[in-house]
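Student: Everything in the sequence shown is counted per my numbering, starting at 1 for the first residue and increasing by one.
Please note: incorrect hints may appear among the correct ones.
Straight-line distance between alpha carbons at most 30 Å, and here's what the computed DSS-like set of lysine-lysine pairs gives [stated by the list, open to error]: (1) Lys-154 with Lys-139; (2) Lys-125 with Lys-154; (3) Lys-154 with Lys-188; (4) Lys-125 with Lys-188; (5) Lys-188 with Lys-139; (6) Lys-139 with Lys-125.
Note that these hints are calculated values from the structure, not bench results.
Note that this is a predicted model, so its numbers are computed, not measured.
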Amino acid sequence: MTSAPRSARFFVALLPPVAVQDEITAIKRDIWQRFGSQGALNSPPHITLQPPFQWPEGRVGELEQVLADFARGRSPVPVQLQNFSAFAPRVIYVDVVHTEALMALQPGLMAHLEATCGIVDAVAKGRPQFMPHATVGFKDLTREAFHAAWAEFKDRPFAAEFVVPQLTLLHHGGSSSDRPRECLGGQKWQIFSEFLLST
1 MTSAPRSARF
11 FVALLPPVAV
21 QDEITAIKRD
31 IWQRFGSQGA
41 LNSPPHITLQ
51 PPFQWPEGRV
61 GELEQVLADF
71 ARGRSPVPVQ
81 LQNFSAFAPR
91 VIYVDVVHTE
101 ALMALQPGLM
111 AHLEATCGIV
121 DAVAKGRPQF
131 MPHATVGFKD
141 LTREAFHAAW
151 AEFKDRPFAA
161 EFVVPQLTLL
171 HHGGSSSDRP
181 RECLGGQKWQ
191 IFSEFLLST
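I would like the entire structure built from these sequences, with the hints used as guidance.
Tutor: Structure (structure tokens):
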């Protein structure tokens, strides 16, 4: 009897420059230490374009080729981060301005992955509009902790502008030695490969 091919979890995102990632990670750590939410620390700061999906490990090269082909037809993406917002009552995030380039990139990528790889996220596809965001307080916030944190962050300023030159494919896994101490007990999302945006 042949066993089913092994699969792994991936997602596709835009990652800010390292300096901005460091700034956002400091906010994540603050929320973890003061409000008990560590889930956002299980991935680098990012804007999700294609939500997590399962993909056969033996076909990762095919997935990477599809993403490379898509990226070659797109320009680097200007991104503006501005203040904080929330998906009440559990998630707090750095808000992302809905620029034309960003709002066109995400549905284009999802349509491309559906057409070429059969990858579909029914929840994301069913939403009326893409809601770009960079999570800092995750669903592991209790309602009480959410309200306490949101009281502080709802009027707190945050601003950054940058251009993202690549799509990033992230993979769920890694040995315990790869994880920061606060992520022990749960696997971490890690950068798997990157694809230059170049028209």
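Student: Run every hint past the structure and note whether it holds.
Tutor: These are the hints, each one checked on the structure:
no., hint, in the structure
1, Lys-154 with Lys-139, "holds (17 Å)"
2, Lys-125 with Lys-154, "holds (28 Å)"
3, Lys-154 with Lys-188, "holds (28 Å)"
4, Lys-125 with Lys-188, "holds (25 Å)"
5, Lys-188 with Lys-139, "holds (16 Å)"
6, Lys-139 with Lys-125, "holds (21 Å)"
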